[in-house]
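Student: The lines below spell out each chain.
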Amino acid sequence: MSESDTLLSCTDVTRYFGGLLALDHLDLDVHRGEVLGLLGPNGSGKTTFFNVLTGIYAFSEGRAVLAGRDVTRDTAQAVYKAGVARTFQRSRLCLSLSLFDNIMVGNHNRLSLGMTFNLLRRRAFARELEANFAAARDLVEVFSPALADRMNEPVANFPMLDRRRIEICRALISRPKLLLLDEPSAGMTHEETHQLMDDILAVRAHTPELAIVIIEHETSVIERITDRCAVLNFGKKICEGSYAEVIENEEVREAYLGAA
Amino acid sequence: MDNVSQASAARRPDSPQVITSLVMGLVGGALLTGFAAWFLKAESEYVVGFLLLLAVVGAVAASRLGALDRIGVAFGAYEKSLYAIVIAGVLVLAWIFRQDHFTLLMITTVMVYMLAGLGLNVQFGYLGLINLSGASFIGVGAYTSAVLTMHSAIPPLLILLIGGVLSALVGCLLILPVLRTRGHYAAVVTIAFAILFESFLKVNDILGGPQGLPVGAMSLFGWSFNNPITFGGFQASFYMNYLLLTLAVLALAFALVRRVERSWIGLSMDAVRLDETAAACYGIGIRRWKVLGFTLGNFLIGVAGAIYGMMLGFIAPANFGFSDSLILVSIVLLGGIGNPWGLALASAIVVILPEKLQMIQEYRFLLFASLVVLVLLFRPDGLLPRGMRNYLPGRKVAP
Numbered sequence: 428m429s430e431s432d433t434l435l436s437c438t439d440v441t442r443y444f445g446g447l448l449a450l451d452h453l454d455l456d457v458h459r460g461e462v463l464g465l466l467g468p469n470g471s472g473k474t475t476f477f478n479v480l481t482g483i484y485a486f487s488e489g490r491a492v493l494a495g496r497d498v499t500r501d502t503a504q505a506v507y508k509a510g511v512a513r514t515f516q517r518s519r520l521c522l523s524l525s526l527f528d529n530i531m532v533g534n535h536n537r538l539s540l541g542m543t544f545n546l547l548r549r550r551a552f553a554r555e556l557e558a559n560f561a562a563a564r565d566l567v568e569v570f571s572p573a574l575a576d577r578m579n580e581p582v583a584n585f586p587m588l589d590r591r592r593i594e595i596c597r598a599l600i601s602r603p604k605l606l607l608l609d610e611p612s613a614g615m616t617h618e619e620t621h622q623l624m625d626d627i628l629a630v631r632a633h634t635p636e637l638a639i640v641i642i643e644h645e646t647s648v649i650e651r652i653t654d655r656c657a658v659l660n661f662g663k664k665i666c667e668g669s670y671a672e673v674i675e676n677e678e679v680r681e682a683y684l685g686a687a
Numbered sequence: 166m167d168n169v170s171q172a173s174a175a176r177r178p179d180s181p182q183v184i185t186s187l188v189m190g191l192v193g194g195a196l197l198t199g200f201a202a203w204f205l206k207a208e209s210e211y212v213v214g215f216l217l218l219l220a221v222v223g224a225v226a227a228s229r230l231g232a233l234d235r236i237g238v239a240f241g242a243y244e245k246s247l248y249a250i251v252i253a254g255v256l257v258l259a260w261i262f263r264q265d266h267f268t269l270l271m272i273t274t275v276m277v278y279m280l281a282g283l284g285l286n287v288q289f290g291y292l293g294l295i296n297l298s299g300a301s302f303i304g305v306g307a308y309t310s311a312v313l314t315m316h317s318a319i320p321p322l323l324i325l326l327i328g329g330v331l332s333a334l335v336g337c338l339l340i341l342p343v344l345r346t347r348g349h350y351a352a353v354v355t356i357a358f359a360i361l362f363e364s365f366l367k368v369n370d371i372l373g374g375p376q377g378l379p380v381g382a383m384s385l386f387g388w389s390f391n392n393p394i395t396f397g398g399f400q401a402s403f404y405m406n407y408l409l410l411t412l413a414v415l416a417l418a419f420a421l422v423r424r425v426e427r428s429w430i431g432l433s434m435d436a437v438r439l440d441e442t443a444a445a446c447y448g449i450g451i452r453r454w455k456v457l458g459f460t461l462g463n464f465l466i467g468v469a470g471a472i473y474g475m476m477l478g479f480i481a482p483a484n485f486g487f488s489d490s491l492i493l494v495s496i497v498l499l500g501g502i503g504n505p506w507g508l509a510l511a512s513a514i515v516v517i518l519p520e521k522l523q524m525i526q527e528y529r530f531l532l533f534a535s536l537v538v539l540v541l542l543f544r545p546d547g548l549l550p551r552g553m554r555n556y557l558p559g560r561k562v563a564p
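Residue numbers (the working numbering), protein chains in the order written: chain A, 428 to 687; chain B, 166 to 564.
Pulled out of the complex, with its shape left as it was, chain B reads as follows (with noise of 0.2 Å):
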């Protein structure tokens, strides 16, 4: 199959292959808007589970048919209208549930984890990096908010860079442990920080020793993000702010991670993971693309952090622990590594499935880790595996 003829064929606008197909893509976006609304309001355990079941059936019976891969060949030429339709998807859930607190929480929760998730993604997905103490780095965020946000005037949009940028730094100390061992070593220097930080920060009575701190809100241009929004007859939960800032913020990062994949750095950061040795031998400087990868997602990792730290308005060494740091890497698996597409899928499976079935809360690290199993075991590139590198997807040049 030739992937470009493939693709420029289906980049001439009148072909009706495309229209059908870009059809297809929007009614799949609003049916997938309107699974999710259904699943979300959902409460009795059984239509829970109807609802997983339909889930599955219709991926299995939609990619038994093509549709995936026609819709996927279509976006490849529109990627924008791809991401306008997404954008449309969680506006669209977002009014439908704008009076109700949880579920815009854990819609915002979703993205939350999903911006992490891209930030492990660079490490483990381009460079094969595994960090397994993105909880900790999400907690390096949270906490700065929470010092920030209580002890100065720092305008909060900038304390979210600073979340991020100081936990890259907190980063730094790991980055020489980390070039000189590879592979599974590096990733046991990173649990042994995990599990270093969360005893820290237990036993540090600054930062509120066990019990935490409290958070002070987000505000832009004097609008406290703890106000319900009230517009004219439009009403809606203060969470509906976090929703949209956090949408605004993933959306960023999104297209940050999409641009580093579709350039150099991400082919080289592909060859350090690939080969280091044979890397190394066609000039690629190994420690610089590590460490520029690392940094990176660790950025993103505490921008993550200093949101979700607002948004809750109170931090506790619990909340990053450990297992948080293997739920981060389930996420990044699960979803497909290296490509940031299967991070939203997973990260409403990791996120909301617990919420919704009540009854596996206490089981919920045992499910995570069997569908972790079975997804390695079957389809081993994870739900929605990484395509081909598109440089320039929609452009009419060949590559």
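The following block holds chain A by itself, in its conformation from the complex (with noise of 0.2 Å):
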């Protein structure tokens, strides 16, 4: 891999909580167009890791590069600003708003936020509104063209795997450089989780330049939509490489099935 291929770098991340290490010196880097698989067992950082890089943790020691620039102290809006987009692990829509402006939620660095242009200029508003509900609808329609005819309904409406597909488009709509995805299988069945993972590989077919992320649990999922794995436990990255690589590695077995 070639320097300019590389989207994120982080060297040396670190996060103590109290006394707790929950991030012990991780190198971890991101090319672009790769799809990465974050795995390890229960509290093993992987999480964490995702809530100091998007600047909701403080990072103890250790830096991070986004393209070219430090985004190491930067807060949670800055670095969204630099092009980090991320989804959580229990969903966190704004359950009593509508589709349409859960994904607007979304696109608020793009969208016009002042006074007289929001009070005052109602028809640039106007314009400026439907040309950003057609771009949703757009994007909601690569998921699921049943949910793009639902646009104005609250999101308490939609079963979970709808829900995960709208916080998706939530990430995706400002068109970031980096989407994280935390655990995006998580309360769903085996027949949803494939479904989403169907979405998820046209999400990459259609934008080939995004890098992705993603924690996961299941290793069918895993084995499908990942071109490289990297395991942590206890903070600690202990084996990087493709999925067969992992999976064959001592160390990984050890840390998830107990020492042998």
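Wrong hints could be hidden among the right ones.
Straight-line distance between alpha carbons at most 20 Å, and here's what the computed DMTMM-like set of lysine to aspartate or glutamate pairs gives [as the list claims (entries may be wrong)]:
no.: 1; chain 1: A; residue 1: Lys508; chain 2: B; residue 2: Asp440
no.: 2; chain 1: B; residue 1: Lys245; chain 2: B; residue 2: Asp234
no.: 3; chain 1: B; residue 1: Lys521; chain 2: B; residue 2: Glu210
no.: 4; chain 1: A; residue 1: Lys508; chain 2: B; residue 2: Glu441
no.: 5; chain 1: A; residue 1: Lys604; chain 2: A; residue 2: Glu636
no.: 6; chain 1: A; residue 1: Lys604; chain 2: A; residue 2: Asp626
Just so you know, the hints here were simulated from the structure itself, not pulled from any lab data.
Two chains, two frames, some hints: make the complex.
Tutor: Here it is in structure tokens:
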């Protein structure tokens, strides 16, 4: 891999919670256009890594560079602006808001937020609204044409599979460079998971530049959609490579199954 | 149910459904105005009790028959006609009671509370900031109007604005602690402020201490609002001046708050309220929206206070205590958090009911408290729950 292919480069990322070492000098690179699986037993630091990277928690040590820009000390808002969008393990949609509203939450940086624009220039606002509605609808249609006809319904009306889809649409609407998916299959049946992965592969085909980091436990999912995997244990990276390589790794087997 | 196609079907002007719904809306408005007039005229507590029963039965029956939904759909498309009907209704009431000081004062007080409620609605309904010092910000507006009408030559209309601005500025004192805390802790900060503010007024001799201050009258183009209106054969109480002014200010504030909601600003505020962490991860500046919404809310509350002070002619710290702030919050909870129309209904209940049922005067806090608890138990979104955001009602585009 050449240097220019690296989208995100993390070195020495460390995070303490009091005396607990949640991330232990983690080095991880993400390349443009790849799907990287982030694996590891519960509590191994996968979600913490997302939270530190997206500015929810501060770095205790180490740094992260996204497309040549240091994002180590950035706020959550700035990291998003730099092109990192994420979903959450427990769905964090605004249930009482409509599907369209939820997707627009993800488009915040590209909306006109001025007072005069929003309150007085209602014609211009209407034009921007229409353009955004069309864009959101097109995006939702990639996932599910049925959903695209229900843009004004509250998200609370939709089943878990559709909520995950909406959450991914919300992350994608602003055209990020890097998408972080935190266990998208959590709480779904096997069949639903399968459908969602089809969707993610479809997104990949649409946007070949987009890099995806996915936290996942289900091995069939990992095997199917990842190009590369990294395995964490106790906040340390213990292995990196293709899916076939990491499952053969002794240390990985030990982490999941206990010492032989 | 598909909102889009339903709404666009309702927008076809020739659709018979729309016409019947509009007629129903007109009849409903007329009935409601008639009911309000009867209620305001009622003197015996038996009549009041009967009318309350009638209101409850009527509301339940109308919602069971689906009339409310149909009217809602029709007015979603023709919202301007709804505004026209409501304003006409208030004017008809004002006409009926044109010589009755007390009733005009009561109607205007309902509108002042609603105006303050609009401010709280931005803070609490949209941003999720619980402001338990609403009455203090009314107080800032009222005291501003007292000092400026008595000691300056500033035109009173401008004083309304200054009252709002000062209230917003005083609110800035609270911004830092409110931004540093979340949820209930921010609410506690505002309680502390409410108590501090009342004690400050009581011990401060320049502002009249516990006795309070007189407030000068509103005047417009040389017309003092303390004069009764005489116009040929037409005669009306001086409160009619305040009623008309408050109605105009309220209509402006209502339109403003509606536009805030129906814009990216309202969307951002909703996102902040519903999930701060997720909002931050999508680039939404939490502080920016909290400062804007809190300030806008306090501005509206301050303007309400300035009008209220001028209308009462005399204010004292006891008008702006913590319990009055609780009344304001209960208006927002009762009406339907985030729905400005709910405020109209709830303000009317909270202001008029204790006046009509003298026997409950002493117990009114008990009554409101139990009413709020009952509503939260059985209708957690309030009497008139907030609907889905409709950015451009009446337009032929999908959203």
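Student: Run every hint past the structure and note whether it holds.
Tutor: Hints, one by one, checked against the model:
no., hint, result
1, A:Lys508 with B:Asp440, "holds, 19 Å"
2, B:Lys245 with B:Asp234, "holds, 18 Å"
3, B:Lys521 with B:Glu210, "holds, 7 Å"
4, A:Lys508 with B:Glu441, "holds, 17 Å"
5, A:Lys604 with A:Glu636, "holds, 7 Å"
6, A:Lys604 with A:Asp626, "holds, 18 Å"
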